[in-house]
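> Now for the letters of each chain:
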Amino acid sequence: MMEVTTSHYVVLSTLLLLVGVVGILTRRNILVLLMSVELMLNAVNINLAAFSASLQQVHGQVFSIFVITVAAAEAAVGLGILIALFRNKQAIHADEIDLLRW
Amino acid sequence: MMDALIFTAQDFNVLKPAIILCLFGCAILLTDVFIVRRTGQRWLNGVTALIGEGLLAVVLVQHLAQVRAGGAFSGLGGSVVVDGFGVFFNIVFAMSASLAVLMTARYMEAEGEHRGEYYALMLFAQAGMSLMATGNDLVVLFVALETMALSFYVLVGFLRNSKRSNEAAIKYLILGAFSSGLLAYGLSILYGISGSTNLAAVGDAVAASGADNWAVVLALITTSVGLFFKISAVPFHMWAPDVYEGAPTPTTAYVSVASKAASFALMIRLFTEAYGSASASWVPLLGMIALITMTVGNLAAITQSNLKRLLAYSSVAHAGYILLGLVAFNEAGLRGISIYVLAYVFMNFGAFALVTALRRDGKAAEEVDDLNGLAGRSPGHAILVAIFMLSLAGIPPMAGFYGKYYIFLAILAEGYYLLAVFAALYVAVSAYYYFRIIRACWIGEAADTPASLDLNLGSRVVLVGSGVLTVLIGVLPQRFLDLAGESVLAALR
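Protein chains in written order, with the working numbering: chain U, 10 to 111; chain G, 88 to 580.
Do not rely on the hints blindly, as some may be mistaken.
Claimed, not checked - Partial selection, computed: residues in chain U whose CB lies under 7 Å from chain G:
id	residue
1	Tyr-18
2	Leu-21
3	Thr-35
4	Ala-58
5	His-68
6	Phe-72
7	Ile-77
8	Ala-81
9	Ile-92
In case anyone wonders, no lab produced these hints; they're calculated from the structure.
Beta carbons: idealized from backbone N, C-alpha and C, even for Gly.
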């Protein structure tokens, strides 16, 4: 049985970050874009938790709690703005949001 | 470690600016509901915000005196530090916020969205910026950046019934959150390298592992890209013109000046303290980014007909010049950045105050052609336009000249001749589109129903104040240059 080391977690988090980045670059639905952002922030959390465990420190875990809080705030503001946009425009596709040249 | 958990008088002193801003932000939210809405005098919210800024100014003067007397001091276990750099940038934020508050009332009344939340969010954003400039810890810097960014997403989308404002907000949010994610990833790697969130410890660990270490490279790339978005450096600038055009104009001015200055403050501190030892690997990267930022910003601005969009591209170009100061990475470069940012506050707020006031049939007029014949109708304002545009172009004896002058000197001192040549060339290019605006005012044919300037007391104060300071910094620069000199980070003195 192979031991799971910190570098495995870093590889996992890097892959998760890339999934988020590719999601933002290729998807056009704004809800999916917001989800991709959450994936990126969760990649950060995996990193922080793994480092925190390997360094036997609590700092990383505290940092990750702040990241989770920020992610929640971002989702709240994002959905609020999206609802305002939807009321005015009935659109959640990035391609339909074209009054300003995207 | 127990002593770190006790909140001392020193900690309180260090945090005073952020505490004042948050308290006044909350006070505005409460007085708006219980007092202001009943009387219908919405401008009272602006007065509350200005009282907060006044109190903040007193604290900043105290901090400056303390730094001059006994050097930099820190609180909260070293995670927030008050030094010349932090105080200087806090002064810049306080100036921008005050100017933004002053120009808000008339514009928001005309748009039918004059609410207390707008002022409160401006102060909350400023609290975040204040900690971005004084934070010395990865967690503090990240949370401060997000405090600022989240407030700005709402400020940009504040015109709830305007599709353009909604669109600008959603674009800003997606790209802002994306860049914050990348930045946070870089910060988490830095924590992994060093086992500490304190910037000094991170800097030691980066120096120990060397610039070639893959983890350092990964952290450097992700944090740089995240910050390039925030300062709207090319090729991560595409949000800027859309957001600047769609947002309410006072927000546009505030975003383009204060949020950019705050992101530069964070960037300078992070790159100096944490990546200082690896400067050989990031200086070429930043130099390249600065060059293409100046190129794209200046060339794209030439073809714009919308004033807000034109100023957006010009602000992209200015980000390129400011970045050059960090590329030089010496004392003159950082001093140049400080004086540049200070001058930029006044010239840009002045320009945006004019755009804010420009109206036709009660609707906002934002095209360059709307300025046609302004000199005939109100020569005083046309002279102010000329002052702001000359300063933005960097022509002496206006304030904008000194920032460019010191930054060019700094990169020449480091031997980056090609960069300096291109930077100077683009100053000439930028003169073309700034002069186009002056030309519209003085020799443009006025339309049949010319746009007029709709000014109240607040926007008059902004216009005249910015104009006076733009000229004053240009004519009597010594005092301001000394202040900028004090703001250089200790590591580069």
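> For each hint, tell me whether it holds in the structure or not.
Hints, verified against the model:
1. Tyr-18: violated, 10 Å
2. Leu-21: violated, 13 Å
3. Thr-35: violated, 13 Å
4. Ala-58: Nearest chain G Cβ about 10 Å off; hint violated.
5. His-68: holds, 6 Å
6. Phe-72: holds, 5 Å
7. Ile-77: violated, 11 Å
8. Ala-81: With a closest approach of 11 Å, the U:Ala-81 hint is violated.
9. Ile-92: violated, 10 Å
In the structure shown, a violation is registered for the earlier hints numbered 1, 2, 3, 4, 7, 8 and 9, in ascending order.
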